[in-house]
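A.B. asks: Please build the complex by placing chain S on the supplied structure of chain L, with the hints as guidance.
So the sequence lines, in the order shown, correspond to chains L and S. First residue of the first sequence: 1, per my numbering; consecutive thereafter. First residue of the second sequence: 672, per my numbering; consecutive thereafter.
Derived from the structure by calculation, the hints contain no laboratory data. Since this is a predicted model, take the numbers as computed values, not measurements. Just to be clear, a hint being listed does not mean it is correct.
[As the list claims (entries may be wrong)] For lysine to any residue, the following SDA-like pairs were computed, each having C-alpha atoms within a straight-line distance of at most 20 angstroms:
| no. | chain 1 | residue 1 | chain 2 | residue 2 |
| --- | --- | --- | --- | --- |
| 1 | S | K686 | L | R400 |
| 2 | L | K41 | L | A23 |
| 3 | L | K399 | L | K455 |
| 4 | S | K732 | L | T494 |
| 5 | L | K399 | S | L692 |
| 6 | S | K738 | L | M498 |
| 7 | S | K696 | L | E467 |
| 8 | S | K732 | L | D503 |
| 9 | S | K687 | L | Y468 |
| 10 | L | K490 | S | G730 |
| 11 | S | K732 | S | L692 |
| 12 | S | K705 | L | L495 |
| 13 | L | K397 | L | D504 |
| 14 | L | K234 | L | D519 |
| 15 | S | K733 | L | T494 |
| 16 | L | K289 | L | S356 |
| 17 | L | K184 | L | D503 |
| 18 | S | K686 | L | Q670 |
| 19 | S | K836 | S | D848 |
| 20 | S | K687 | L | R463 |
| 21 | S | K687 | L | D440 |
| 22 | S | K733 | L | R474 |
| 23 | S | K686 | L | E467 |
| 24 | S | K696 | L | Y468 |
| 25 | L | K365 | L | E467 |
| 26 | S | K696 | L | K455 |
| 27 | S | K686 | L | Y468 |
| 28 | S | K787 | S | S802 |
Now for the letters of each chain:
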Amino acid sequence: MARVGVFICHCGANIAGKVDVEAVSEAAINIPGVVYSSHQKYSCSEAGQKVIIDAIKENRLDRVVIGSCSPKMHENTFRKTVQQAGLNSYMLEIANLREHVSWVTADKDEATKKAMDLVKAAVGKVSFAKPLTPGQVPVEKRALVIGGGIAGIQAALDIADMGYEVVMVEREPSIGGRMAQLDKTFPTLDCSACILSPRMVDVAQHPNIRLLTYSEVENVNGYVGNFNVIIRKKARFVDERICTGCLECMGKCPLKKKIPNEFENGRAPRGAIYVPFAQAVPKVPVIDKEYCRYLLSPDPDKVEVKEGEKKPKRKCGVCAKVCTQGAVDFNQQDELISEKFGAIVLATGFNLFDHSKYGEYGAGKIPDVITALDFERIVNSSGPTEGKIVRPSNGEKPKRVVFIQCVGSRDEAKGVPYCSRICCMYTAKQAILVREKLPDAEIYVFYMDIRAAGKGYEEFVLRAQREYGANYVRGRVSRIYESNGHMVLKAADTLVGMPVEMDDVDLVVLATGSIAREDSVELANTIGITTDNHGFISEVHPKLRPVEVPREGVFACGACLSPRDIPDAVATAGAVAAKVGVLFSNDILMSDPMVAEIDPLKCAACGACVSVCPYSAITMEEFRGKKFAKVNEAMCQGCGTCSAACRPGAAQLKGQTDEQILRSIEAVLQW
Amino acid sequence: MGASVQLRSIDMDLKKEIERLSGQKLDACYLCGKCSAGCPVAPYQDIPPHVVMRMAQWGSKKVLGSKMIWNCASCGTCYTRCPNNIDVARVCGALSQISRREGLVADKVAATLREKFVESVKNNGRVHELSLVVAMKMASRDYLGDLDIGIPMFLKGKFPLFGHKIKDLNNFQKLFDSKKKGDK
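So that you can see chain L by itself, here it is in the shape it has in the complex:
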């Protein structure tokens, strides 16, 4: 017969204020199997834990029920407590008398009654508990970082500096990400490239980092400490090992200056063979097979030729001819690389809202209405205008520049109800840059609210207004239109309650908000994690576990979690590195023993569990001709779905077996 001890916690007045803890404790002694019952002010305190340990020893208890707060809060604490008393740590059941009773029940008698019922159920359940032992899995101490923006770079460098091997996968031909596209950064106005490019070079030169650019993650399998990842290294058609980065090929490409350069947000051209920008890392060009004349021309070996006719020749191929190293290789194929990792870091960044959804701002058709990213490139000295601020329509200097905030932020009708967090600040910065380059220009900023929470941020916005003469007008612009070659803007100044009609606007810069990458949901599915309804990666807990995602061993940092600025992206990247470091400090991981187990004798091999398992942890096995399902304990997350789906009752979740659950129901109904 089980010897159960019951301990009811007051939790100060949290539980005792609503539940008659004495009565619950007295009633518990009458439950069959209970040999000891008491109540304490704070069970989680050191003194409270000592009471539990002493009671277990003195009364030779073999199972324990603690009526306290949610097991999410202190289950681990109490598991250690019972272990100290010499019991298996899984011979413990917690009755949640706080979150499930005192905090949510108005009437005192009702609360006490419910508390008694929950204690009975817990006693019923723990009476059938079995000792469990955690499994052990080895840890592969290598990390995969997906995304080569500032967050990915920081995470990779920090992890590599701890002495662990890192593979960084970047989709674009160069690392650098969004930050590489920016001119200056707020609130210090340091040049973005100047602070970023040394780190990009560090990544390329770090002995512990292997860089895979122009590559994408194709498949992720496995579990914490042991992920199997397949990476597609797209054909670059230039051999990275041979190329010296002289870029002679780029100058000779007949398509040079014919293709819009994505890095310049389409504002400057590139060739079919190109590096996206001068400081690119690696400085190895890539050939765009969508445009390259050689690659688009038919392969002579595959064309059927009639007799007497000459074989057609491949077109162009100039880059290969001018390359002194012979690095251009038109026969390169996509390569699939399979690697093993212990941890995966997501740093896939963000996209910018497509302003063509705003018909009232010209839907992207008025040439002098540009986006903030366009502005970053235009104002940058290596950008399309070599840093001169000019009107795209006629190349002249603008005299009246208008910034519009919240384009694709805080707009429920456009599906973006959230604040993008960076636009207020970058607009203030851009207003300052306009003043620096065009001392006589009039600058207006139309805003709804200014959100400048950050070190030195509010001061920065005020400086833009007071020192740089940016005129802030509170009100959302209702319309921009062209009339007789002029741009006209209509708005209201809500602080005076007067309409504003501004004629002769020369340049409008839209502060387009941050959105999730268009393929973020797809990526989340590949990795087996979730996103919020805007496509940003969901964290386990927004406050207490902000860089962990619901799949163990996977972490996320930067703007793929939610819109954020560079300091926050770098801070979360450092946090991720610390988390990876904690994981890698273990040679062996203890896996949670509360996982599913399938009794091969009862298993009918129907495969229902295999198809419902969200973690692909169940496989079909065969032994001497009999098929049965088997759980990989390291992959199982203990969700219990298989157990619910299993008709013969072969699948059981350890610690939550059918028997235990039926017993706890029975306890409430009978005793």
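C.D. replies: Structure of chain S alone, referenced to chain L:
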């Protein structure tokens, strides 16, 4: 206030003149409205002080036709509480000067009162209350109003029939000349 006017663009000339006359940096104001919240006369005006500030930031002529700029009591509550140390009373003062010059005075009585006050001080070195009140009554044509307090005050000798002059009037009047020179 005249017909509805749309704000078009910042009138830098007017804005700079207001800043020069008032000695206040208009862009320092972030329109929190604390001045309006504490202003004892704002509830009886056409626009509250923070709107005066906002219109002044635009350099909008419309503000010159406001009553608020004439009825500011210069009590300084706004200045004392302003998080940006702006003396709104001085801005109102500057605006009323420009308003008078431009012929956009919205509150004739208040304007006359001020004019007569300055005139009286200039002529006597101090205010002669009775002539000031008479001038104000003529301007407002409200001859019988305030009699309930006016008569007891007269009987108590608060409104002497003939005013006094200060001792060194000539020297005092030089103040007005020098001020004028400095202004131009």
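A.B. asks: Taking the hints in turn, state whether each one holds.
C.D. replies: For each hint, the structure was consulted:
Of the pairs offered as hints, the one joining S:K686 and L:R400 holds, with about 17 angstroms between alpha carbons and a cut-off of 20 angstroms not exceeded. Note on L:K41 and L:A23: the hinted pairing holds, with a Cα-Cα distance of about 15 angstroms set against a maximum of 20 angstroms. Between L:K399 and L:K455, the direct Cα distance comes to roughly 32 angstroms. Violation of the 20 angstroms bound is thereby established for this hinted pair. A C-alpha spacing of about 18 angstroms is found between S:K732 and L:T494, which places the hinted pair at or below 20 angstroms, so the restraint holds.
The straight-line distance between the Cα atoms of L:K399 and S:L692 is roughly 28 angstroms, outside the 20 angstroms bound, and the hint therefore fails. With a CA separation close to 17 angstroms, the supplied pair S:K738 and L:M498 stays within the 20 angstroms bound. The hinted pair formed by S:K696 and L:E467 meets the criterion: a straight-line CA distance of about 11 angstroms does not exceed 20 angstroms. Straight-line distance between C-alpha atoms of S:K732 and L:D503 comes to about 18 angstroms, which keeps the hinted pair within the 20 angstroms bound.
Under the criterion of a C-alpha separation no larger than 20 angstroms, the hint pairing S:K687 with L:Y468 is consistent with the structure, at around 15 angstroms. At most 20 angstroms may separate the alpha-carbon atoms for a hinted pair to count; L:K490 and S:G730 meet this at roughly 19 angstroms. For the suggested pair S:K732 and S:L692, the alpha carbons sit about 16 angstroms apart, so the restraint of at most 20 angstroms is met. A threshold of 20 angstroms between alpha carbons decides the hint, and for S:K705 with L:L495 the separation of about 13 angstroms falls inside it, so the pair holds.
For a cut-off of 20 angstroms, the pair hint linking L:K397 to L:D504 stands: about 13 angstroms separates their Cα positions. Between L:K234 and L:D519, the direct Cα distance comes to roughly 18 angstroms. Compliance with the 20 angstroms bound is thereby established for this hinted pair. In summary, the hint linking S:K733 to L:T494 is supported, as the alpha carbons are separated by about 16 angstroms, within the 20 angstroms threshold. Restraint check for L:K289 and L:S356: the C-alpha separation of about 28 angstroms exceeds 20 angstroms, so the hint is violated.
With a C-alpha separation of about 30 angstroms, the suggested pairing of L:K184 with L:D503 is violated against the 20 angstroms cut-off. Note on S:K686 and L:Q670: the hinted pairing is violated, with a Cα-Cα distance of about 84 angstroms set against a maximum of 20 angstroms. Simply put, S:K836 and S:D848 have alpha-carbon atoms about 19 angstroms apart, close enough for the 20 angstroms limit, and the pair holds. Under the criterion of a C-alpha separation no larger than 20 angstroms, the hint pairing S:K687 with L:R463 is consistent with the structure, at around 19 angstroms.
With a C-alpha separation of about 15 angstroms, the suggested pairing of S:K687 with L:D440 holds against the 20 angstroms cut-off. For the given pair, S:K733 sits about 18 angstroms from L:R474 by alpha-carbon distance, which is consistent with the 20 angstroms threshold. For the hint linking S:K686 to L:E467, the alpha-carbon distance of about 15 angstroms falls within 20 angstroms, and the restraint holds. Restraint check: the Cα-Cα separation between S:K696 and L:Y468 comes to about 13 angstroms, which is no more than 20 angstroms; the hinted pair holds.
For the given pair, L:K365 sits about 34 angstroms from L:E467 by alpha-carbon distance, which is inconsistent with the 20 angstroms threshold. Among the hinted pairs, S:K696 with L:K455 is inconsistent with the structure: their alpha-carbon atoms are about 25 angstroms apart, more than 20 angstroms. For the given pair, S:K686 sits about 16 angstroms from L:Y468 by alpha-carbon distance, which is consistent with the 20 angstroms threshold. Among the hinted pairs, S:K787 with S:S802 is consistent with the structure: their alpha-carbon atoms are about 9 angstroms apart, no more than 20 angstroms.
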